[in-house]
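Engineer: Quick note, the sequences are listed as chains B and S, same order.
No gaps in the numbering here: position 89 of the first sequence is 88 in numbering that gives the first Met the number 0, and each next residue is one more.
No gaps in the numbering here: position 31 of the second sequence is 30 in numbering that gives the first Met the number 0, and each next residue is one more.
Among these hints, one or two may not hold up.
Now the in silico label distances, taken between C-beta atoms and shown as ranges [unchecked claim]: (1) B:V106 x S:H6: 49 to 55 Å; (2) B:K84 x S:G37: 39 to 45 Å; (3) B:V70 x S:D14: 24 to 30 Å; (4) B:C115 x S:D14: 32 to 38 Å; (5) S:A68 x B:D71: 40 to 46 Å.
Simulated from the structure, these hints should not be mistaken for lab results.
Just so you know, these numbers come straight off a predicted model, no measurement behind them.
C-beta atoms are modelled at their ideal positions from N, C-alpha and C, and glycine is treated no differently.
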Amino acid sequence: MAKLLISITNAKNDTDRATVGCVVANASVASGVDTVVFLSTEGVRLSQEGYADDIHEEGFAPLKKLLTDFVDAGGAIWVCSPCFKKRGLDENKLVLGATIVGGAKAVEFLSTGGSCMTY
Amino acid sequence: MGEIQGHLGSDVFYDFEEMSCGDLLIALLKAMRPLPAGTLVEVRALDPGAPIDIPAWCRMVGHALLVRAGGPQNTHYLIRKGG
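This is chain S alone, in the form it adopts within the complex (with noise of 0.2 Å):
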């Protein structure tokens, strides 16, 4: 099996695999703080509850979810860092 990529056409890409609930925030969070506004952001997520979570938290942050890709349990987010 070949090492997980991006292909959205994305700046950075983060595999957080089976993360969850808390520990996937907080990744994502750490992950993204560093980064300038504006940077294009792709994230690969297995978790069953990603799909509900990863768009609430870019509701409330300030991040554009630009594109939801991907099976169940196994999407990729397109997100652009808000200011």
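Okay, chain B solo, but in the shape it has when bound (with noise of 0.2 Å):
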């Protein structure tokens, strides 16, 4: 199975980037890839509860439900630990569907024939 890395660096500094990311992530997922989102910089923020739910660009989903979406067809969240921690985020309150990786984990999913996309 194809596999492809969604790499979104980006949270309410940039909401467009994020929402978009996370877009694309879903029409991976819903197309059978084996498709991961990688929460990294900034982007880790959207990996805690109730972050995202006032985040809604004009012309796409919310992202909240956008991450729902994902998680529902089978794509998972990794999230970058140092970025994690740097930020003081709980790991308490994780969405569903998210894991918090050590670099090792994205480098072995990609140099196992994953592709990357960054946001």
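Take the two lone chains, each set in its own frame, and fit them into one complex as the hints suggest.
Structural biologist: Below, the structure written as structure tokens:
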């Protein structure tokens, strides 16, 4: 099966990029591709329950719905551990489907046939 | 204006209106997932990207796109669900 990692490095600092990254991730997972959303740098804030509730770019579904649909369709959300810790975020408030990982997990995914798009 | 309906002889009809990109594909996935293989599904999609995306999606997930009918940005698709 094809593998695609969608790297999202933005949150409320650039809701357009964060939203489009999630939309493309949904296109990928809905197409039967093994798909991971990798949240790093500011993007890790999207992993927190409640954070994305008020992110709704015009012309797109609300970001919370995009992430919920993504996980429901079989997608995985990986959260960069050092980025998460640097920002003092709460492991007990991860959204459904999110897992805190180190860089090795992303490197393994990409070096075994995965491709990457970055937002 | 009358209610939008399918006219390609399908078993079920879905109108996805202006949905696009990932939103459209997730909606297609959710609509077709519970249906048995072989079901004829008619879809109406108005987004200008849909004429490219829907055939590509059908190829990737193993559905057969049987018919594409209608005008630009208002196309109906008849899809047979794969196994």
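Engineer: Can you give the numbers of the hints that this structure goes against, from lowest to highest?
Structural biologist: Numbers 2 and 5, in rising order.
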